[in-house]
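A.B. asks: Using the sequences and the hints, build the whole thing.
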Amino acid sequence: MWPHKKINLGLDLQGGMHLVLEVDTIKAVESTIERITHELRGFLKKERIRHLGINRVEDTKILLIIPDNDQIEKFDTLLDKEFKDLRILSRSTEDGNQTILMDLPGKETDLIQKLATEQALETIRNRIDQFGVSEPDIRLQGERRILIQLPGIKDTQRAKELIGKTALLEFKLVDETHNINDALKGNTPPGSEILYHVAEDPETRRVRKTPYLLKRRTLLTGAYLTEARVEIDSQFNEPYVSIKFDKKGGRIFERITGENVKKRLAIVLDNKVYSAPVIQEKIAGGEARITGNFTTEEARDLAIILRAGALPAPVQILEERTVGPSLGADSIHKGLVSMIIGGILVVLFMIIYYKGSGLIADIALILNILLIAGGLAALQATLTLPGIAGIILTIGMAVDANVLIFERIREEVGIGKTPYAAVDAGYNRATLTILDANITTLIAALVLFQFGTGPVKGFAVTLSLGVLSSLFTALFLTRIIFDYLLRYRKIKTLSI
Amino acid sequence: MRFIKSDINIDFFSKRKTAFGISVVLILISIVSLVIHKGPRYGIDFVGGTLIQVKFLSPSSLTEIKSGLSTVDLGKSSVQLFGDPKDNEYLIRTDKSAMTGKGFSSQVKTALESATGSAVEIRRVEMVGPQVGKDLREKALFAMFYALLFITVYISGRFELKWILSGVMAGTLIGAVSFLSIFKVSIPFLIIAALIVTLVFFWFLKLKYAMGAIVALIHDVTITVGIFSILDKEFTLPLIAALLTIIGYSLNDTIIVFDRIRENLRKHQKNPLEIIVNRSINETLSRTILTSLTTLVVVVSLFVLGGGIIHDFAFAMIIGVLIGTYSSIFVASPIILVLQEGRKK
Numbered sequence: 001m002w003p004h005k006k007i008n009l010g011l012d013l014q015g016g017m018h019l020v021l022e023v024d025t026i027k028a029v030e031s032t033i034e035r036i037t038h039e040l041r042g043f044l045k046k047e048r049i050r051h052l053g054i055n056r057v058e059d060t061k062i063l064l065i066i067p068d069n070d071q072i073e074k075f076d077t078l079l080d081k082e083f084k085d086l087r088i089l090s091r092s093t094e095d096g097n098q099t100i101l102m103d104l105p106g107k108e109t110d111l112i113q114k115l116a117t118e119q120a121l122e123t124i125r126n127r128i129d130q131f132g133v134s135e136p137d138i139r140l141q142g143e144r145r146i147l148i149q150l151p152g153i154k155d156t157q158r159a160k161e162l163i164g165k166t167a168l169l170e171f172k173l174v175d176e177t178h179n180i181n182d183a184l185k186g187n188t189p190p191g192s193e194i195l196y197h198v199a200e201d202p203e204t205r206r207v208r209k210t211p212y213l214l215k216r217r218t219l220l221t222g223a224y225l226t227e228a229r230v231e232i233d234s235q236f237n238e239p240y241v242s243i244k245f246d247k248k249g250g251r252i253f254e255r256i257t258g259e260n261v262k263k264r265l266a267i268v269l270d271n272k273v274y275s276a277p278v279i280q281e282k283i284a285g286g287e288a289r290i291t292g293n294f295t296t297e298e299a300r301d302l303a304i305i306l307r308a309g310a311l312p313a314p315v316q317i318l319e320e321r322t323v324g325p326s327l328g329a330d331s332i333h334k335g336l337v338s339m340i341i342g343g344i345l346v347v348l349f350m351i352i353y354y355k356g357s358g359l360i361a362d363i364a365l366i367l368n369i370l371l372i373a374g375g376l377a378a379l380q381a382t383l384t385l386p387g388i389a390g391i392i393l394t395i396g397m398a399v400d401a402n403v404l405i406f407e408r409i410r411e412e413v414g415i416g417k418t419p420y421a422a423v424d425a426g427y428n429r430a431t432l433t434i435l436d437a438n439i440t441t442l443i444a445a446l447v448l449f450q451f452g453t454g455p456v457k458g459f460a461v462t463l464s465l466g467v468l469s470s471l472f473t474a475l476f477l478t479r480i481i482f483d484y485l486l487r488y489r490k491i492k493t494l495s496i
Numbered sequence: 001m002r003f004i005k006s007d008i009n010i011d012f013f014s015k016r017k018t019a020f021g022i023s024v025v026l027i028l029i030s031i032v033s034l035v036i037h038k039g040p041r042y043g044i045d046f047v048g049g050t051l052i053q054v055k056f057l058s059p060s061s062l063t064e065i066k067s068g069l070s071t072v073d074l075g076k077s078s079v080q081l082f083g084d085p086k087d088n089e090y091l092i093r094t095d096k097s098a099m100t101g102k103g104f105s106s107q108v109k110t111a112l113e114s115a116t117g118s119a120v121e122i123r124r125v126e127m128v129g130p131q132v133g134k135d136l137r138e139k140a141l142f143a144m145f146y147a148l149l150f151i152t153v154y155i156s157g158r159f160e161l162k163w164i165l166s167g168v169m170a171g172t173l174i175g176a177v178s179f180l181s182i183f184k185v186s187i188p189f190l191i192i193a194a195l196i197v198t199l200v201f202f203w204f205l206k207l208k209y210a211m212g213a214i215v216a217l218i219h220d221v222t223i224t225v226g227i228f229s230i231l232d233k234e235f236t237l238p239l240i241a242a243l244l245t246i247i248g249y250s251l252n253d254t255i256i257v258f259d260r261i262r263e264n265l266r267k268h269q270k271n272p273l274e275i276i277v278n279r280s281i282n283e284t285l286s287r288t289i290l291t292s293l294t295t296l297v298v299v300v301s302l303f304v305l306g307g308g309i310i311h312d313f314a315f316a317m318i319i320g321v322l323i324g325t326y327s328s329i330f331v332a333s334p335i336i337l338v339l340q341e342g343r344k345k
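As they're listed, the protein sequences go chains L and H. The numbering used here puts the first residue of the first sequence at 1, with every later residue one more than the last. The numbering used here puts the first residue of the second sequence at 1, with every later residue one more than the last.
Derived by calculation from the structure, the hints in this document are not laboratory data. A couple of the hints might just be wrong.
To be verified - Quick list of in silico lysine-lysine cross-link-like pairs, PhoX-like style, CA-CA up to 20 angstroms: (1) H/K109 x L/K457; (2) L/K282 x L/K262; (3) L/K154 x L/K27; (4) L/K61 x L/K107; (5) L/K154 x H/K109; (6) L/K45 x L/K84; (7) L/K334 x H/K86; (8) L/K84 x L/K74; (9) L/K417 x H/K267; (10) H/K139 x L/K457.
C.D. replies: In structure tokens form, the structure reads like this:
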């Protein structure tokens with residue numbers, strides 16, 4: 001009879017994970033500026049505009065040095081034609097060279113940040129969908145935070161990794177011309193970088209980092225992927241991820257492999273080298289393999305991430321609350337036990353103190369609880385552990401309204417009124433007081449609802465429902481019962 | 001059956017100086033304790049950090065647990081028993097908060113299992129980043145302040161029909177506070193200053209019912225927080241829920257008395273205010289004691305049976321119910337008299 005199937009249980013009652021992520025939207029702006037710098041460089045070359053260097057500086061600005069005046073005119077025309085969004089911060093001339101500092105105006109960066117957050121939300125939602133959690137709740141919170149609730153989830157570590165991985169897949173050439181040991185000592189050649197392959201030995205649990213010297217330029221990214229699947233290598237019986245590029249990506253891949261046969265191509269995920277196989281021949285058809293000593297689970301998760309796409313900017317976990325399922329069950333148990341015992345005590349007390357009328361109040365009380373439960377189910381609200389406390393509190397406070405009325409009725413009987421008149425006067429006098437007192441509790445509950453999160457919100461909900469239902473039962477329902485008894489059963493004296 | 005006889009006539013009025021003294025002492029102790037401890041002992045909800053609730057399947061000693069934890073890089077950490085001793089549950093708390101993404105809980109689990117030789121179950125993990133914690137602190141203060149203001153408007157309207165006056169006052173205060181909060185003002189000081197300004201407004205606008213009620217509420221909240229500080233208990237988010245509930249509940253009581261005062265004022269216009277107030281308190285005593293009793297019964301049941309998480313919440317409620325009842329009788333009503341006397345002079 002207890003409609004617990006239709007009432008949503010909070011994470012603290014059914015177990016699960018609650019995460020709040022923040023999207024590093026500034027990084028999204030930085031990547032966009034980086035991309036624009038790259039494009040601008042390409043255009044400058046195409047239009048044959050000579051320059052002495054174009055670079056991203058101060059994270060979000062572009063610095064360009066142009067040698068003489070007619071080049072500057074050509075540059076300005078280029079800007080107007082292809083890069084209308086860029087804003088010029090300053091121009092200064094020195095020795096005949098003009099230094100131009102550019103960035104994106106606030107409106108543009110705001111838009112980038114907003115889009116980054118929205119895209120992150122979609123990507124994460126995609127990943128979680130593929131992970132297979134029942135009834136996940138994923139939503140925006142504020143401007144750049146994402147709230148995720150995964151009820152009933154058991155493998156929280158895996159879920160967090162799946163959600164939080166930026167998953168930027170890049171293909172870079174290994175720098176075979178320079179000496180990696182020189183670079184490790186501090187002499188990294190321009191245009192190259194050192195990235196590591198990280199492997200954990202499963203038995204000794206020791207982490208081994210192998211350095212690779214790679215050419216910095218990214219030749220191809222995961223953005224061109226259309227598919228990623230787990231396959232088993234028939235020779236070694238090991239899982240790997242088979243990926244497929246779209247047409248454009250396939251052509252780029254064909255060109256890269258064609259131009260670099262016998263050289264090594266590193267597959268980099270989030271700046272960690274996964275593998276760096278030798279290109280045996282030109283690969284047409286846009287298919288490739290990512291191998292790396294995966295377990296089936298690791299391969300599956302990688303495939304999920306590649307399919308869902310990379311996050312536009314890194315995310316950071318701001319808040320996590322995970323409740324194990326056993327604690328959830330315990331909490332429900334304890335909550336129900338205290339509710340039943342508290343309820344029984346109050347019920348007994350009312351009967352002892354107010355006799356027959358006490359029984360009426362008790363009926364109202366039971367109805368109260370049913371109304372709250374019904375309200376929760378109807379509103380699809382979530383019941384949390386503090387929410388159960390809220391119901392229990394309502395038991396104590398609902399009685400208040402009845403006490404007010406009954407004390408009034410006792411007073412009126414004391415003055416000498418007939419049962420009917422006493423009840424009438426009692427209700428009339430008490431109604432306003434009850435309304436006043438309960439509305440102020442309601443104000444406190446509503447403020448709490450606005451401000452609280454998660455479990456506390458659940459408390460505010462049950463408290464509000466409790467106040468409303470106790471108003472209803474105390475003022476309306478018990479009155480009807482009294483009326484019925486007085487009119488149709490013609491009670492002569494009140495049992496109160 | 002009745003506890004209180006219907007012709008009861010305790011002279012509360014004459015006891016008001018003593019009660020005032022007790023209240024002042026309690027408030028001072030609370031404030032002193034808060035100052036000594038440099039504010040309430042915030043839980044991770046408000047300062048950030050990580051909390052892990054672990055259950056040992058066989059009894060383990062605190063020293064074993066602590067030695068196990070020392071192998072994990074925890075930063076400043078503390079361990080304490082949680083709930084019923086026979087449950088073997090402990091709360092591990094650290095002030096580092098960037099860790100849960102990196103297998104932190106499984107690290108802790110392995111370390112504890114090898115140190116104590118007992119199977120370990122991770123019951124609950126909570127991590128709050130420091131910025132989130134700070135945001136929550138501020139939000140909590142705002143929430144309580146706004147609740148008080150809204151309640152002020154309601155009371156001034158219902159009891160003195162001064163809806164518009166109180167509404168305008170509340171509106172300006174909310175506006176001023178929101179405006180000032182944009183600047184880097186310390187939020188706690190802003191709220192305290194705003195409260196003082198509010199009380200000053202009450203005095204000058206002669207909103208005596210609102211004044212009585214709000215002073216009683218501030219009294220209740222301060223003492224509850226103070227007791228938590230004295231007992232060195234943690235100040236968490238559910239505690240704010242408890243405080244807001246206590247505000248609503250204590251107000252309940254106060255309004256019942258005010259209502260009676262208002263009714264008696266109309267009926268016995270000739271009597272001096274002190275007699276009326278005293279009479280009203282006596283008349284509502286039966287009901288006041290009763291509701292507190294039934295609520296206490298229920299909250300004590302929560303305290304004893306509700307489990308560790310609800311425990312502190314129930315404790316706060318118990319204090320709140322007791323203090324709330326006390327304040328309705330000995331704080332709220334006398335304030336009305338004080339304001340009344342102030343006016344006559």
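A.B. asks: It remains to establish, for every hint, whether it holds in the given structure.
C.D. replies: Verification of the supplied hints:
As the CA atoms of H/K109 and L/K457 are separated by approximately 31 angstroms, the hinted pair breaks the 20 angstroms bound. Straight-line distance between C-alpha atoms of L/K282 and L/K262 comes to about 10 angstroms, which keeps the hinted pair within the 20 angstroms bound. For the given pair, L/K154 sits about 32 angstroms from L/K27 by alpha-carbon distance, which is inconsistent with the 20 angstroms threshold. The hinted pair formed by L/K61 and L/K107 meets the criterion: a straight-line CA distance of about 15 angstroms does not exceed 20 angstroms.
At most 20 angstroms may separate the alpha-carbon atoms for a hinted pair to count; L/K154 and H/K109 meet this at roughly 15 angstroms. At most 20 angstroms may separate the alpha-carbon atoms for a hinted pair to count; L/K45 and L/K84 meet this at roughly 19 angstroms. Our distance criterion of 20 angstroms between C-alpha atoms is met by L/K334 and H/K86, whose separation comes to about 16 angstroms. About 14 angstroms separates the Cα atoms of L/K84 and L/K74, which keeps this hinted pair within 20 angstroms; it holds.
A distance of roughly 19 angstroms separates the Cα atoms of L/K417 and H/K267; the hinted pair therefore holds under the 20 angstroms criterion. Restraint check: the Cα-Cα separation between H/K139 and L/K457 comes to about 14 angstroms, which is no more than 20 angstroms; the hinted pair holds.
Going through the hint list in order, the structure does not satisfy hints 1 and 3.
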